[in-house]
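S.K.: This is what each chain is made of:
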Amino acid sequence: MASSASRFDDGTFVGFARRHVFVTVFGVAVPLLVFACFIGYPIVYTIYLSFFEWNGMAPQKKFVGFANYAYLLHDKYFYIALVNNAKWLVVSLVFPVSLGFLIAYVMKARLVFAPSLLRTIVFFPVTMSLIAVGLMFLLILNPVFGAFDTLLRSVGLGFLVHEWFGDYRIALYTLAVISGWAFTGMPMIFYFAGLGDVPKETFDAARIEGAGHWRMIRSVALPQLRPVTAIIVMLTLFESLRAFDLIAVLTKGAPFGMTNVLGYLVYMESFWNSRFGYGAALSVVILVIAGSLAALLLGKVLKGAFDV
Amino acid sequence: MAEVSLKDVEKRYAMVPVLSGLNLDIADGEFTVLVGPSGCGKTTTLNMIAGLESITGGTLRIGARDVTTLPPKDRDIAMVFQSYALFPHMTVRDNIAFGMKIRKTPKAEIETQIRQVAQRLRIDDLLDRLPKALSGGQRQRVALGRALVRRPGVFLMDEPLSNLDAKMRIEARSFLTKMHQEVGTTTVYVTHDQAEAMTMGSKIVVMNGGKIQQAAAPLEVYNRPANQFVAGFIGSPAMNFLRLLYDGNALLDQACRLRIAVPECRRAALAGQQGKTVTLGVRPEHFRILQPGAIPGSDSIAFNVDVVQHLGHEILLDLSAGDHRCIARLPPSDRSKLGDDRLFSIDMDHVHYFNGDSGENLIDYAWQQ
Amino acid sequence: MAEVSLKDVEKRYAMVPVLSGLNLDIADGEFTVLVGPSGCGKTTTLNMIAGLESITGGTLRIGARDVTTLPPKDRDIAMVFQSYALFPHMTVRDNIAFGMKIRKTPKAEIETQIRQVAQRLRIDDLLDRLPKALSGGQRQRVALGRALVRRPGVFLMDEPLSNLDAKMRIEARSFLTKMHQEVGTTTVYVTHDQAEAMTMGSKIVVMNGGKIQQAAAPLEVYNRPANQFVAGFIGSPAMNFLRLLYDGNALLDQACRLRIAVPECRRAALAGQQGKTVTLGVRPEHFRILQPGAIPGSDSIAFNVDVVQHLGHEILLDLSAGDHRCIARLPPSDRSKLGDDRLFSIDMDHVHYFNGDSGENLIDYAWQQ
Amino acid sequence: ASGVKMARAAPAELRYFYRAPWPSSEVYANWLIDEWNKKNGDRVHVTGASVDGETYKTKQTIELSSSNPPDLFYSWEGGRGKEIVDNGFSADLTPYYEKYGWDKKLNPAGVTLSVYNGKKHFVPTEMCASVVWYRKDIYEKLGLKVPTTWDELMANAQKGKEAGLAAFMLANQKKWPSQFMWSAILVNKHGLDVYDGLINGTIPWTDPRAVDVTAMMQKLAQDGMFEPSFNSIDLGPAMVPWTQGHGLHWYQGSFNLGRFRGDQPQCCVVPMDFFPMPAFPGKKPVMSVFAEDTIMIHANSPNKDAAAEFLDWMVSDAAMSKKLEIDKPFPSNVNSDLSRLSEMEQRLGKAMAESGSFTFMHVDHATPPAISDKFLDGVQGVLAGAMSPEDAMKLTEDEAARVKKS
Amino acid sequence: MSDATLNASAMRRGSFASVLPKLAATLLMLVLAAVWLGPLLLIVMTSIKSNAEFLAGPFALPRSPTIQPYIDVWFGLGFGTLLRNSLIYATAGSALAVTLALVPAFALSRMNVPGRKWIFGLLLTGLMLPQQTVLIPLYDTLRTFHLLDTKIGLIIVHGVYGMPLQVLILRGFMTTIPPEIEKAAYVEGATDFQVFWKVILPLSVPGILVGYTLNFIAIWKEFVFGLVFLNSEENFPVTVGMLKLNSDRYLAVFNLPAAGLVISQLPIVILFILTYRQISGGNLSGAVKG
Ligand SMILES: Nc1ncnc2c1ncn2[C@@H]1O[C@H](COP(=O)(O)OP(=O)(O)OP(=O)(O)O)[C@@H](O)[C@H]1O
Ligand SMILES: Nc1ncnc2c1ncn2[C@@H]1O[C@H](COP(=O)(O)OP(=O)(O)OP(=O)(O)O)[C@@H](O)[C@H]1O
Ligand SMILES: [Mg+2]
Ligand SMILES: [Mg+2]
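Going line by line, the protein sequences match chains A, B, C, D and E.
Every letter in the first sequence is one number past the one before it in the numbering used here, and letter 89, counting from 1, is 89.
Count along the second sequence starting at 1, add 308, and that's the number in the numbering used here.
Count along the third sequence starting at 1, add 677, and that's the number in the numbering used here.
Count along the fourth sequence starting at 1, add 1046, and that's the number in the numbering used here.
Count along the fifth sequence starting at 1, add 1452, and that's the number in the numbering used here.
Derived from the structure by calculation, the hints contain no laboratory data.
One or more of the hints may lead you astray.
Said to hold, decoys possible - Straight-line C-alpha distance at most 25 Å; calculated DSS-like pairs for lysine-lysine:
1. K1474(E) x K300(A)
2. K1207(D) x K1187(D)
3. K1128(D) x K61(A)
What the hints assert, rightly or not - According to the in silico footprint, chain A covers these stretches of chain D (three or more CB under 8 Å from chain A):
4. 1103-1116
5. 1173-1184
6. 1216-1222
7. 1280-1293
8. 1429-1441
Where a beta carbon is used, it is the ideal one built from N, C-alpha and C, also for glycine.
Next comes chain A alone, as it looks inside the complex (with noise of 0.2 Å):
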């Protein structure tokens, strides 16, 4: 009797799944199946196209090996969007990552009257398509009659005024924080809820001890908030790489290609150069960079936080 039990809990899949049916039907199989449909071969045609040329017409795509990987070491315009990329998610980091823990540390401290109503006006971006966002913004920072300029202009700092798309040194950044605008809402949210898991005792403890708010953030709230920052930087990190939608719209990679990202690049050369074994080799990069900084990401920093 003692071999039947080890023989049912011998720790392989065959065995959880003969007891398990429900589970192993609903909760591995089916979904495993849907990806596999839908995610999996997209992702494995993806990795096949990349060995490919292939104008997205054609009935016959033309294989060329390593060719495309090997263009794009030399692609200028490939290294401008990686930099991008860097760049992007730095913003994204610092500014809306950052702004939206603050508002919410200032929310949950109390230290703001009616912090719901706040939390409802950054939220809400949160819930606008970036093709809305990008319509707005180019309305406000429109150089001609930018409501933007105006208000910088009247309140004598007209010395700020930029051209917001059009200067290639600043263009992108123009970009990353317009996207971090719409984006704030959410690390305010995830770390709000995060720090009323915080047990308010340590927050207490460290007031006794004569911490101030500056304090009180960088050794209190922070590191205990590492699961949820670890969360959010991932998210950021995927939608930084994945994003192209507000440059689509906003600049199509204006001026001379500086707003270029990874995710943009991919549609350009893909659909409107028509080069799709190309995009494929770049969107491969992009799983590739994702993956790899997501995988650090859990088993560094966030060690633990998603143990399954």
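With the hints as your guide, set chains B, C, D and E with the ligands onto chain A.
M.R.: For chains B, C, D and E with the ligands alone, kept in the frame of chain A given last:
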């Protein structure tokens, strides 16, 4: 070191009063224990002393200063929480050093202090561990270390031992007591535990419903409870209460099955209660079994034994006589069995008489002394 | 109703053994209490009986059936958890009915059963409430009701009272005991609480490190512990241990300040220990104070009083003599003070002798009986 | 209106895929389809689907190669059209041109553009011309004359600039507007054959003449001839300075007439007129006339004849007149009645019809997108002062080489 | 109340240090409100101006408010159908995503599925994939199942692509349900399915609400899938219809895009008002807890 004094202190949450007119003086170096049922306001009181909760009325003084509106960091206090509230991401060393770093104590000084405290608390070999790698008792000592190291004027502790298991709790109890004897810092200590309340403090403050019921030395509270609430709250198993009618000489129950003569010396105190209900309070250890065949006296009751609980070093009997239910504490040698009918005498020197309505203790011990 | 029998039961988590070679027979209708330090495997044992954890080796029988690999639903058991584990989204009624609904018991039948159980547990007026609207004690009774209503063969309870406060715990203890007396279902009960362990079960199973140390009646375990671990674990405050050298006649400490003669009748049992270390076990209640001026006997020790703990109904003294530390339990009348040097006698009829290395009790009580 | 109809099989289903850049385009397309279905719905039933211009391409790429492609679809001419033709998606329409006599009624420039490898592959349904738009009122105010030579134009521009105006509006945020001027200058200064050489890859983009034109653009930018922030204004917002009178000239396509009209039925919101890009010394000016809307028939369509019939309906006098009424100009049918347009618009329409068959498309239409993309980036970079003309042309040439290789 | 008292008395005593953070925070809030509210107000303002008025003074307050832009854009783009479609996609798509994610989340949080780390990691790749990459192969898949240009096809795509994040959120949420509750159900005789259906599912409702709302928002915003996998106007969601507003020709008339923008955002505002307590309250806690 500092004395703490609360004067007419009040606390309201959104106009709902939680504490009202609290007056309490804690002498410098005194170890005061706060007890009371859940929700009576112990934590709130402590938090107000710490400055974690605002005070909505009255004055709080620590040492010579009025600190009613000062933030926690300016109150010269340290606090140990029930959950320890260690910073989970910091090593034991960093946890202990936290407050000193904030106060910009020189590095070398911090190091010395930590070493001293760690030695005294026997955690010197744990300094580089994270809290999650510590046992409950060790965590508790680290929390204590974090509080001790700053040499605060006042220690506040909110049920610091309640997360420990029975064995560790007894150890930690002795440990804390000794610690207090050594450093002599004014301490306010909240607990649920009878034994802690009785043994640790030089003063017990019994609270109920946001009010102080009695504040006195432990044995004083045990032996001379101010009212029925205190009497029932302190002591485990709790004091037995018998609601009886006073006829001027004796206490009777309505079915007339019980008649307990009141000793001469107590009659004066009970004078006003004639014809009214008086609650007789008898601690479990003040029952004595009369040998079978003994003649029932004026202080004896016949009980039926409902449950026998052998605890090894003693036996608890659940008893009933009509509607009255009692628990008696007997030596392990007792041989009573479930279902037995036995005659018990009451040690009338140690019983208490409470006003049947207000619960006030009818004996004025202060006068008696 | 069913007996439970574990035969060579093992549990490994990822090849790390947690329980090894567990053998335990629980008779039909017996109330067995599982005790042991935290992490010793009590919950794991219970979960294995319930079928919530797989058994990695050995056989488990409930009633006449081998249930080693059966899922929980086929084992005819019910369980009460420390956290009650009520379904928070269901009313009390639905909580209690859950198991019966799953078993497709007819509606009318369910209604009758619920009414019966609810009356017995005095929760009939709570049936339509959600768990969050109940007090701790009420929740505990609902959890009990959920387990009772199905009339399972075996009851499993994992520290069901530990979330209650002291007062309620004492009440619930009596209640559970009575309940068991009435329904007589085989029960396995895990607890941390000394009093529960001693008073509730007809058998105590003491576990340590995944092994059973002793399984016997409560007073048997208290008075005749199988080894030093059991002796130290059962009883509060714990038994005092003095590591001494046996010279064939008496037990000596290294500094030769202590000499305790071993009674004649025990010398046979200690025969093999000559020249070796023997641990003498003395329960706190087996110290007696000798009046000042009394002549030290062969069983008396001079102790220094380190801490005095007045508990009201008794006094605990922390004592030390050289490196030896003891706790003595004395009646409230005792007047010892901190720092006193007092002479204590030991009740040598009740002491225990343990092998200094293995901790085995050197007296073979079975033979003695 | 025949008497008794025979029971017939289910009607042929035609799927028509179009671009609807204006709200009015949608209205017109609906009218077009409804009218057809009213008359022929029981025989050939048409369903339409539209998407906006920029995203149209994504959609088109996927749709064309699918197993169920649209029967009729909008396409660009030039480089993109060539890709479609080369991949065999586009049916040869030459027989239908003959059958329906489309050559005779359609704009000759448009017909020329439809020819790939000697065969006609699309039918233009809307035509455009690029001209220099100017503010008539400001011209009068400053006492300027309509220029006929590049130098006169430059002189006028200089005057405008001195008057505090933008000599030329560019609105180059989306990169493509600048190349209108670039190609017009190149064609007019260096000749159509040089331009064709660049487009066909027989002349490298690094050719000094291409660099020269790029440098001219750079000079204009450096001289402050464009509106401030020209690289970050889009065409739409540029209407604000244009209507407010901050710009003097604007070399742009006639498809902007819709914009210039604003809410009015006829052009324009502000007094404005046009003249063709003036001549360079010793060169004959060429006006760019190109097809804005062009429709192809899918090679795999089972209903090509029916599709051609529908196409014929699209370019019929009636449909084209309606298009003028609802949508914006200009119809590709040269016989269309332009009388409901303003005098200026009619003039432009006539000029287009008479421009002959040898004109040019701007770079972004003429070359495959990959090349034009880099080209546009290059020009934008030059205008921003971040790139040299040589580098910009090198960027383009590198891309052209890469495209040629594959 | 109590804080205000504390604040007042602290000020009375001139303890500036304790008021400073609060002052700073309040200031911060005002700035933030302006930064986040400003653009939205501007759009609403633009949407009720005539084009001429906008061109005259883009930043000025509307002098003669008109709803004409709303009427134009409503009928021009056929917002009735668009909104209805979007509602269908968002409602059904997120329902599908949540449904697909529930049992996996249960399995990954409560069951000892061998290899669950790999399964979870695999599902997460769905979050990393750039959408524009999958268009062509996904088009193939949909064609294979005859789901192109059908509402059901787009719902499935949205459902499947919403699933990974739902698994992440629900798994996190379910891990916070005490294991004893589930054990109790097993002991009471429940099967895996009954534990899931009668205990875990009802207890996960707050988490489901959060996940559903976030997914709803995500689908409402999405346009690439809709654009590529749909052909018929009667199937287009709002965002695809809105794309026309982004064509630079449309942008000649600013009030129309602004009005379209407001219309397209209205349903989400309503949803948001109804559920924001859920999503912004502590209910996400499960989702982000380790
Ligand atoms: N933030 C709050 N808002 C409203 N009422 C509160 C708040 N905090 C505590 N209370 C109420 O104040 C009373 C006292 O609470 P307190 O925590 O001080 O009790 P306690 O004596 O510490 O109880 P316990 O022994 O359970 O810890 C309780 O009735 C509680 O409900
Ligand atoms: N899932 C698990 N994986 C690995 N080890 C485990 C697991 N669950 C329990 N253990 C280990 O098994 C041992 C027994 O655990 P168990 O919970 O049975 O102890 P216990 O006697 O109930 O303790 P307590 O009194 O604290 O409840 C412990 O050492 C624990 O660390
Ligand atoms: Mg408390
Ligand atoms: Mg346990």
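S.K.: Taking the hints in turn, state whether each one holds.
M.R.: Taking the hints in turn, this is what the structure says about them:
With a C-alpha separation of about 36 Å, the suggested pairing of K1474(E) with K300(A) is violated against the 25 Å cut-off. A C-alpha spacing of about 14 Å is found between K1207(D) and K1187(D), which places the hinted pair at or below 25 Å, so the restraint holds. About 18 Å separates the Cα atoms of K1128(D) and K61(A), which keeps this hinted pair within 25 Å; it holds. Residues of the segment 1103-1116 of chain D with a Cβ under 8 Å from some Cβ of chain A number 6, which satisfies the need for three, so the listed coverage holds.
Restraint check on the segment 1173-1184 of chain D versus chain A: 0 residues with Cβ-Cβ distances below 8 Å, three needed, restraint violated. Residues of the segment 1216-1222 of chain D lying with their CB closer than 8 Å to a CB of chain A number 3, which satisfies the three-residue condition for coverage. Counting residues of the segment 1280-1293 of chain D whose beta carbon lies closer than 8 Å to any beta carbon of chain A gives 5, which reaches the threshold of three, so the coverage claim holds. With a threshold of 8 Å between beta carbons, the proposed coverage of the segment 1429-1441 of chain D by chain A holds, since 3 of its residues qualify and at least three are required.
In the structure shown, a violation is registered for the earlier hints numbered 1, 5, in ascending order.
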